Amino acid sequence: MSLKSLFNQLKQLIVPIPPVSKPKQTKKLAKLTKAQQKEYVAIDCEMVGVGPNGSVSALARVSIVDFHGNVLLDQYVKPTQPVTQYRTWVSGIRAKHLRHEWIKKRSTRD
144 MSLKSLFNQL KQLIVPIPPV SKPKQTKKLA KLTKAQQKEY VAIDCEMVGV
194 GPNGSVSALA RVSIVDFHGN VLLDQYVKPT QPVTQYRTWV SGIRAKHLRH
244 EWIKKRSTRD
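Basically my numbering = 1-based index in the sequence shown + 143.
Take the hints with a grain of salt, since some may be wrong.
As the list claims (entries may be wrong) - Simulated restraints, written as ranges between beta carbons of each label pair:
1. 176 x 225: 45 to 51 Å
2. 242 x 176: 24 to 30 Å
3. 176 x 200: 34 to 40 Å
4. 233 x 178: 35 to 41 Å
5. 207 x 239: 41 to 47 Å
6. 225 x 165: 44 to 50 Å
These aren't lab readings, by the way, just hints derived from the structure by calculation. Remember, predicted model here, so these are calculated numbers, not experimental data. Cβ coordinates follow ideal geometry from the N, Cα and C atoms, glycine included.
Start from the sequences and build out the full structure, keeping to the hints where you can.
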């Protein structure tokens, strides 16, 4: 399957969702003080597939950056179940990434 045909199939699945409320801007980021900038972080999680045909998503990498884009955390996470679909085309994750440097997935009870 070509990337273009995959994109066209995905486009057909997209359903526009109306916003819950009218968007509003709370603060202009450029006007934040240095103290306020320390309050902002961005988190990105990369998921892989586990279970039959990779049908269940599992965390495989978490990255956190501060207001200025400085990396605070960039860590692979070994899923608790065997990975059946790496989703490399989206996640960038390959089997070799989960073989070496990883942290164990912690229970929410810890």
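We went through each hint and held it up to the structure:
| no. | hint | in the structure |
| --- | --- | --- |
| 1 | 176 x 225: 45 to 51 Å | holds (48 Å) |
| 2 | 242 x 176: 24 to 30 Å | violated (44 Å) |
| 3 | 176 x 200: 34 to 40 Å | holds (38 Å) |
| 4 | 233 x 178: 35 to 41 Å | holds (36 Å) |
| 5 | 207 x 239: 41 to 47 Å | violated (23 Å) |
| 6 | 225 x 165: 44 to 50 Å | holds (45 Å) |
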